[in-house]
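Chemist: So the protein lines, in turn, are chains A and B. Start counting the first sequence at 15; every next residue gets the next number (the numbering used here). Start counting the second sequence at 15; every next residue gets the next number (the numbering used here).
Hints in this document: simulated from the structure, not taken from any laboratory. The structure presented is a predicted model; accordingly, all values stated were derived computationally and were not measured. Misleading hints may appear alongside valid ones.
Unchecked claim - Here are the simulated SDA-like pairs of lysine to any residue, each with C-alpha atoms no more than 25 Å apart in a straight line:
| id | chain 1 | residue 1 | chain 2 | residue 2 |
| --- | --- | --- | --- | --- |
| 1 | A | 149 | B | 114 |
| 2 | B | 81 | B | 18 |
| 3 | A | 141 | B | 81 |
| 4 | B | 92 | B | 60 |
| 5 | A | 55 | B | 149 |
Chain by chain, the residues:
Protein chains: 2
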Amino acid sequence: MYLAADDNGIVRSVTAVAQRWGGNFFVENHVGWRSCIDRWKKEQGTVVHLTMYGLPLRSVISELRAKERILVIVGAEKVPGALYGLADYNVSVTTQPHSEIAGLAVFLDHLFCGEELDQEYADAPMKIIPSRAGKLREGR
Amino acid sequence: MYLAADDNGIVRSVTAVAQRWGGNFFVENHVGWRSCIDRWKKEQGTVVHLTMYGLPLRSVISELRAKERILVIVGAEKVPGALYGLADYNVSVTTQPHSEIAGLAVFLDHLFCGEELDQEYADAPMKIIPSRAGKLREGR
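With the rest of the complex left out, here is chain A (with noise of 0.2 Å):
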């Protein structure tokens, strides 16, 4: 992850979670979005703009999965407008009002057909048994 904003606390965070819980998730603090862009389309790198303006996700996720590396740009707050001529993909998750995070998280799950869902992550210090009604967890 590439925050395009200045905030250490994002960062603490999100690393923490990662190892607990497993993964190789990095978060970049302080990036500037437009060298960010540059650099990931230099490298041969497929630009993904997440917004409701965009073209239907279902009529592009095929074409997206045979891209090799994929750079997501979800706006936290208003984008600017040279965003969309940048992104190699403007994609709309729904052409309604939607949580940015909500539509991230049904963009992979669509990009990786759902099997990251039952993805496992063997060296994480914390992980959960699924159970019907009770709360399962091994290590801490």
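Take the given structure of chain A and dock chain B to it, following the hints.
Modeler: Below, chain B without anything else, positioned relative to chain A:
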């Protein structure tokens, strides 16, 4: 939406979005969570509680698609322990910590097999026209 809290601000903003963008979404403020669940179950509805401790989404979703009416419970704060026993299904959208609203979105997306993504609201005053790199809309 039955809001188990007292917050007229949420009611106002959700109602305003639904009026502008269409759909029959409603919010009921200040609902007692236990009586809401009791009533739902008395009327033969199914109660699903989203929690990272539950059964994996993909292991139960086809069973849930066969239900006529589903009440989905999402905890904003810490959820009362009794809820785990009252729910017909405790369902996890991944077993790692996640945004509740993202979990709800992914759950509904799987429930509706993604078909909700292309839903249009014919009577909406405001409508977006999907586009490759612009911001097009009709209405106001």
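Chemist: For a C-alpha distance cap of 25 Å, please report whether residue 55 of chain A and residue 149 of chain B respect it.
Modeler: holds, 23 Å
Chemist: Run the distance test for residue 141 of chain A versus residue 81 of chain B: straight-line Cα separation, threshold 25 Å.
Modeler: Judged against 25 Å, a Cα distance of about 31 Å means the pair is violated.
Chemist: Is it true that the CA of residue 149 of chain A sits at most 25 Å from the CA of residue 114 of chain B?
Modeler: holds, 17 Å
Chemist: Measure nothing beyond the straight line between the CA atoms of residue 92 of chain B and residue 60 of chain B; if it is 25 Å or shorter, mark the hint as holding.
Modeler: holds, 22 Å
Chemist: Is residue 81 of chain B close enough to residue 18 of chain B, meaning Cα to Cα at most 25 Å?
Modeler: holds, 24 Å
When each numbered hint is compared with the structure, a violation occurs for hint 3 only.
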